Amino acid sequence: MKELAGRLTALDPDAGAAVQVIAYFDRLAEARAGVEALVRGAAVLAGVPARLADAERRVRVRVEADGVRRDSDLPPDPAWPAAALTPGGAPALWLERSDAAPSVVDAVILERAAGVVRRVLDRTRGRAPLDDPALLETLLDATAPESARLHAARRLGLDPAAPARALATPDGRPRVLPASREPEAATERTGVGPAVTVLDLPRSWAAARTALRFTADGTAHDPGPRVVYADELGGLALLADLVAPGAEPPPDVQALETATAEAPWLLATLHAVTATTSLRAAAAEITVHHSTLQDRLVHAEHLLGWPVRTPQGRLRLHLALTMRRLARP
Amino acid sequence: MTSVPPPFDPELAAALELIKDVISPGMTPQDIDVVRQGPGIALLADLDLTQAGAFEVEDRAVPGPQGAPEISLLICRPTSPAPDRPRPVVYHVHGGGMVLGNNRVGVDVALDWARELDMIVVSVEYRLAPEHPHPAPVEDVYAGLLWTAEHAKELGGDPDRIVIAGASAGGGLSAALALLLRDRGGPRPLGQLLMCPMLDDRNDTPSSHQMAGLGIWDRTANETGWTALLGERRGGPDVSPYAAPARAEDLSGLPPAFLDVGSAETFRDEVVAYASRIWQAGGVAELHVWPGGFHGFDGFAPQAALSRSARAAHLDWLRRLLAE
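Those protein sequences? They're chains L and U, same order as listed.
According to numbering that gives the first Met the number 0, the residues represented by the first sequence are 0 to 328, in order.
According to numbering that gives the first Met the number 0, the residues represented by the second sequence are 0 to 323, in order.
Only chain U is shown next, with the shape it has when bound in the complex:
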């Protein structure tokens, strides 16, 4: 097993110095509550969701999965005059390792796209593990998508142009959502934007070993997240692909995918493998591996040159996708 990790990009290495007191690479189950109450989540959620009046923001409670509580959707609609054609929709799934966060986390990134491309953003609140293990999170995400597709028109959106998107656990849940929609015959998303997605509960790739104790979200944290979601089934023979999309045997028939990941993070190898398997199944995928990127680098250090490239790549893919 390779032991020498790839170096962090210089600017990202420096940024890690700034955040190391707030976030450490590892997280144990005992840390979950501490991190939930820590400053990090509050900081991420402390955003002007209207983007200085560019969006009209609404929290809407919609039906959850059968027999489960309602879920909350954060709906952000452009305040600019409605175009002739209904707007495309970003259906955003937040990150947080299956155990952290809320539907404000990371939504600023989706709002940036929406501003650029005149889109509606819907960000789903899902129940978190370990209090709510699989399938609660992905079923909430699924229910929110069904509601969004059914009500897109009343929001001024186009139900045929919904892009599902998320980072980290949100990327993994988005990938799982794409599988669920395919297998249940649900509405077909226009594309899936999977940013450094959390895909594989086995936590045993070379990169997961190589980056132990380094950067953000190392194998210890990853084990904590997956174990919270799956309990003792984590890494075992009977994990559902709707929990861990890397477990899916069939990756054909999925909407076009964008995947990216840092070369210096736990998820590198599982993301590269997932993209390869989409191609092997005859699918459409675009893959970027950002050299020296740690997990979620573009969110933590948005000013860095590499982050700017990554964000430009997201927007560029969306622009091409929506132009079709």
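Looking at chain L on its own, in the form it has when it is part of the complex:
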């Protein structure tokens, strides 16, 4: 019976083998086995090495079919059968089987092992930040008891003693990151709250949502920064309270909209003027000739009705562009 476990997949991939696989992982789960035992179970039952790699929680375990742990730095082969730890997530558990088509039993092994691995990681290492909406809601709710917010922080894998910051994106779902970690390159508009203590995160979240309103898609129709740090807004942040989203925009913003309808290049050109240190740099930014820029600005001043090349005019323009983003519904 020594090799019984190893022989399991030598059987036809019939219901009997699948039932045994399920029973095996159920028992491991009941007995509160650790991650290595789960990966070993997958390897032994499949008869090939199995590996777990969860980048978010920095877990890497690779066990060979003889039960010995031998981690590997080589990347997983995309051809290997794999399973994600969450529905729709990236593959995190692999069976290193490249010689043959994956069997039904492989699929059962991966599915059961991944399910238990996820529960064990949640229990032992906390969920990845962003993962649990209910916990985030508690963490960012200033009216929740402090003990509940600290508990939520720990469950989310945050160190309650270390500063953290909240991030806001247009979908409205908050994210929280340790302050020591830089937000990854933004693919969508992101407002970044200040780094604060864990109990102060509701304030960071409010500031992040404000900062989000100052962001832009960075396109010709919506030029501007895609990521805005609340810390860097200074007094501009006060504007956010004055311009209500979706309300009737201030006259200067209306003037911008009217002018844009006539000159589609207008917004990107004017943004370049406010976002660079010289007209020459602005021309380079939007890749037009310096003289073309001059011509455009003359035209823009005519459409807007105020100068944009004087310091006062540039400030007015800057405020108008900013208020335009704040007025976004």
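Think of the hints as simulated: they come from the structure by calculation, not from any bench.
Predicted model only: the values in this text are computed from it and were never measured.
We put the beta carbon where it would ideally sit given N, CA and C, even for glycine.
Among these hints, one or two may not hold up.
As the list claims (entries may be wrong) - Derived, one-sided and incomplete: chain U residues facing chain L with beta-carbon distance under 8 Å:
no., residue
1, P9
2, A13
3, P301
Go by the hints and put chain U onto chain L.
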């Protein structure tokens, strides 16, 4: 009497799920034939004894006890060039509750040691109960050891460095063999490696009650095995220590012993007691109690972390023993 059993190690609990259809905790006398013909023994014996050519394997019939049939020894010699010094020998006694198995069962474990430590393996076939009650099994084991010691040199082995080893009933028979060799003035083994040995026919320790119906080889199976060996004498006043070594009154003068056992098996308390009594008698013993281990766990689930530790402990003890 304690009723809450210690939990099985998580990996071993899961492994039990896989083998529960093949092996159940209990075994009645009526089950013996069924198990003998079942898939389990065949699976255990279905091994590449040469270990991919590392060993030259031979079955040799040698004289049995006086007036008894010949016995068969499975002799596995390394194919690597002979070292300067004759090789040490593992004299292996298979398990199977006194009623099951053959000299292939469990020999892969001995071959692993032999490969690591350049040893010769001799595995003895003994007559099984209930067809052959005590003393047939232990006398066969004894006769095989005498032949091995006398012929060690011709096998390239060192008669002064024979380690006797066995698991379960094979551990019990090895312990009995050590007693017999001491008392009859036979060759002295270098050591005795007793893995989860079956030592006590009384079947009445706390662990034997605690693990009833659980794991592998519970008190029902144990009663079946001992009754097969001893008949109505089982548990009575006149059981020989050469049948049940726990009955020995004197455990002094024995070769150094290694004993191990799972915390979640019938034999836990009798093995711990046997080790303690060796120390009390001024002897040398090393004892490991593997937490959450069921009977024979390292054979049934060799990949489990606890099994790997147990096997490393066996090898480590042998290495130290042979280094002396």
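**Q.** Contradicted hints - numbers only
**A.** none
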